[in-house]
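Novice: This is what each chain is made of:
There are 2 protein chains.
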Amino acid sequence: MSAETLGFEVSARDGEARTGSLHTAHGAVETPNFMPVATYGAVRGVSPDELEVAGAQILLANTYHLHERPGEAIVAACGGLAGFTGWKGPWLTDSGGFQVTSLSDKARVDENGVTFSSPVDGRRRTLTPEGVVAVQAALGSDIAMVLDECVPSAVEEPADALRVRAATERTLRWAERSHRAHEKRDQWLFGIVQGGASETLRRESARATREIGFRGFAHGGLGLGEPALRRDELVAVAHEELPAEAPRYLMGLGKPADLVRAIALGVDLFDCVLPTRHARHGVLFTSQGLLRLKNAVHADADIAPDPDCDCATCARFSRAYLRHLLRSGEALGGRLASVHNLRFYLRLMERAREAIRGGRFAALRDEITALPE
Amino acid sequence: MSAETLGFEVSARDGEARTGSLHTAHGAVETPNFMPVATYGAVRGVSPDELEVAGAQILLANTYHLHERPGEAIVAACGGLAGFTGWKGPWLTDSGGFQVTSLSDKARVDENGVTFSSPVDGRRRTLTPEGVVAVQAALGSDIAMVLDECVPSAVEEPADALRVRAATERTLRWAERSHRAHEKRDQWLFGIVQGGASETLRRESARATREIGFRGFAHGGLGLGEPALRRDELVAVAHEELPAEAPRYLMGLGKPADLVRAIALGVDLFDCVLPTRHARHGVLFTSQGLLRLKNAVHADADIAPDPDCDCATCARFSRAYLRHLLRSGEALGGRLASVHNLRFYLRLMERAREAIRGGRFAALRDEITALPE
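Protein sequence lines correspond, in order, to chains S and Y. Sequential numbering of the first sequence, starting at 3, is according to our numbering. Sequential numbering of the second sequence, starting at 3, is according to our numbering.
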């Protein structure tokens, strides 16, 4: 498949919200969409079959983790992520930069890249923009991400302004190097907009990233504690600078209410560990809001987690059984709860696409933001 | 369903080996058969659907564990094990005695029962023959087991002879109490033959257990380190005393070679944690013998764990991917490997039944005992 077939088409709009189709070498992704997180090439305890039944269309894997284990050479020898993992649809790989700086407190950033101690064997490793592009090419993902220097938008101290500007500008220089190094024609490479909590920097970053020549873009450093209204503003100014015909991905977000807010601003793609992490802790997303299975009231509740849900878990298992599995440390509990929570997120995306097509997105957004948390 | 429908029919024999059908309130079980172990009402990480596809017909749960968590009242309120767990087929529950004495080093056995400290809350608990029958009735299992005092057959020191005899005789007195207390007509209650490593005691125990009036029997205290030839002798003498028309269950056994040896002696039912425990440690049973996924030679092996296997794991996943998941601590690894190993055991049972019907069981036994371990 050539680069020409890596298109993105918007088929309907409702305000700034839009629905469309993102084409990749391993199939199309309807947008807006949510990517379940499969750090090591597997969503915790959940099989590719189950993800497909739950409505997943694209998964996210972590470049850095796969580089450490099993190493991209083994993934490549087994046919890339699609061959290695059994998930035959599209994959997005992150750049690893965010993981590295959050996993290692000794990460050191300089113009060359990020140097850190591997949590696997303690040895020093360096991620460079070019190296990260090469690893993602070997992994065979459908969407690769540039290496960026992430500064959370929650940082808003005046004293940090220089640091935020420096990181934003370095991210741009790294983006240029990444763009030059990227040769895999059947793989998207997304640029990443940074700029911390500054609208000015976000606007500059978006404009400059666009000028490098990327055809897909992400918002970085958001969903890390900033107020939702502030995030809305930062996303909106970047969108003013980004080409309307390019896909936009908000990295790492978030709660259902966060997602519908961002969709209303024209975001197309999301990923987050929240549905699977909450699942393992017995917190379920339902049509009535959050359900906390640890509450004793569910101990003998012989009803589905969410009677309005069409997932494989709700069709067969009760709150009482899920609660029992989770309390007993049984792996099946996290698995069944993950299937449910992922279905909630993926169904929300289905509903969002349908609502946008029908010009009814505002009503869906209001419904979801009103759910008790 | 009344007690009259709880029948067992032998439909074919090949030497002492036999194949037949065990009828329960939740359906029939073809014998010989293997019961996957679902301690807390779930096989680690594996769903009822997957167990059904793998060919499971009956599962085993641990009475003691379910009594501690979630408690039999909750299971009963959710429709018994079949309603609570989503496995709608037959369940066997053990008595808990073996777990208690192996989990708690402070277990004290007297004529009344077993007193021990709960590993959940540290409080003292007592299991009595009558109490254990009542818990299993509340759990709604299809086959219940009497409380027994287990003395491993590996114990063969002359100084222990008195202790073994005392435990064997106490097991008989408890069996009488259990039989009297058992009122659930749609549930089997199996007596348990003990006797340590003594043929004399095993014969006496089998004869006396039969005389109490049980219609199903188990061998206890075997598969705990005794030589296979010794085990064969102990099983054989008990079978001389047990009614030919009653089902026979060898508790806790074992490796594939152990199973075919026991089937050759006329055993009908098995359970063992080995296939699932081995799976979680990356040891797979295959048509060529044991496959140890931790060996580096499998790191880039893009082939099915067992190319001759018809399980859901071998149909879709490679040795390299399974090895990666297990090394990365991903729950999906243990799950996929468990599905494979259980399919190996269940297919072995299918092959055993077919071989017995065809008068070819000796050849299957020789094939399996010759596999490298």
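Hints in this document: simulated from the structure, not taken from any laboratory. C-beta atoms are modelled at their ideal positions from N, C-alpha and C, and glycine is treated no differently. Incorrect hints may appear among the rest.
Unchecked claim - Pairwise CB distance ranges, derived in the manner of DEER restraints: (1) 165(Y) <-> 312(S): 54 to 64 Å; (2) 90(S) <-> 296(Y): 23 to 33 Å; (3) 121(Y) <-> 248(S): 51 to 61 Å; (4) 75(Y) <-> 227(S): 43 to 53 Å; (5) 81(Y) <-> 110(S): 20 to 30 Å; (6) 123(Y) <-> 317(S): 30 to 40 Å; (7) 90(S) <-> 172(Y): 31 to 41 Å; (8) 7(S) <-> 81(Y): 47 to 57 Å; (9) 126(S) <-> 73(Y): 30 to 40 Å; (10) 175(Y) <-> 317(S): 40 to 50 Å; (11) 368(S) <-> 73(Y): 52 to 62 Å; (12) 247(Y) <-> 317(S): 37 to 47 Å; (13) 369(S) <-> 23(Y): 47 to 57 Å; (14) 297(Y) <-> 310(S): 32 to 42 Å.
Unchecked claim - These stretches of chain S come out as covered by chain Y in the derived footprint (C-beta under 8 Å, 3 or more residues): (15) 130 to 144; (16) 166 to 180; (17) 207 to 213; (18) 240 to 254; (19) 285 to 297.
Novice: Under 8 Å between beta-carbons, do enough residues of the segment 285 to 297 of chain S, three at least, approach chain Y for the coverage claim to hold?
Specialist: violated (count 0)
Novice: Could you check the hint for me, namely that residue 90(S) and residue 172(Y) are 31 to 41 Å apart, CB to CB?
Specialist: Given about 60 Å between the Cβ atoms, the range is violated.
Novice: Please count how many residues of the segment 130 to 144 of chain S have a CB within 8 Å of a CB from chain Y and say whether that reaches 3.
Specialist: It is violated, with 0 qualifying residues against the three required.
Novice: Holds or violated: 43 to 53 Å for the Cβ distance of residue 75(Y) and residue 227(S)?
Specialist: Roughly 44 Å apart at Cβ, these two residues keep to the hinted range, so it holds.
Novice: A range of 51 to 61 Å was offered for this pair. Does it hold for the Cβ distance of residue 121(Y) and residue 248(S)?
Specialist: holds, 58 Å
Novice: Range first: 30 to 40 Å. Now tell me if the beta carbons of residue 123(Y) and residue 317(S) are that far apart.
Specialist: holds, 35 Å
Novice: Between residue 369(S) and residue 23(Y), does the beta-carbon spacing fit 47 to 57 Å?
Specialist: Given range 47 to 57 Å: holds, Cβ gap about 54 Å.
Novice: Indicate whether the distance between the beta carbons of residue 81(Y) and residue 110(S) respects the range 20 to 30 Å.
Specialist: Distance hint for residue 81(Y), residue 110(S) is violated at roughly 59 Å.
Novice: When you take the CB atoms of residue 368(S) and residue 73(Y), is the distance between them in 52 to 62 Å?
Specialist: violated, 43 Å
Novice: If you count the residues of the segment 207 to 213 of chain S with a beta-carbon closer than 8 Å to a beta-carbon of chain Y, do you get 3 or more?
Specialist: With 0 residues close enough to chain Y, the hint is violated.
Novice: How does the Cβ-Cβ distance of residue 165(Y) and residue 312(S) compare with 54 to 64 Å: does it lie in that range?
Specialist: Hint holds: Cβ distance 59 Å, inside 54 to 64 Å.
Novice: Do residue 175(Y) and residue 317(S) keep their Cβ atoms within the hinted range of 40 to 50 Å?
Specialist: For residue 317(S) against residue 175(Y), whose Cβ atoms are near 48 Å apart, the range 40 to 50 Å holds.
Going down the numbered hints, you'll see the structure goes against 5, 7, 9, 11, 14, 15, 16, 17, 18 and 19, while the others check out.
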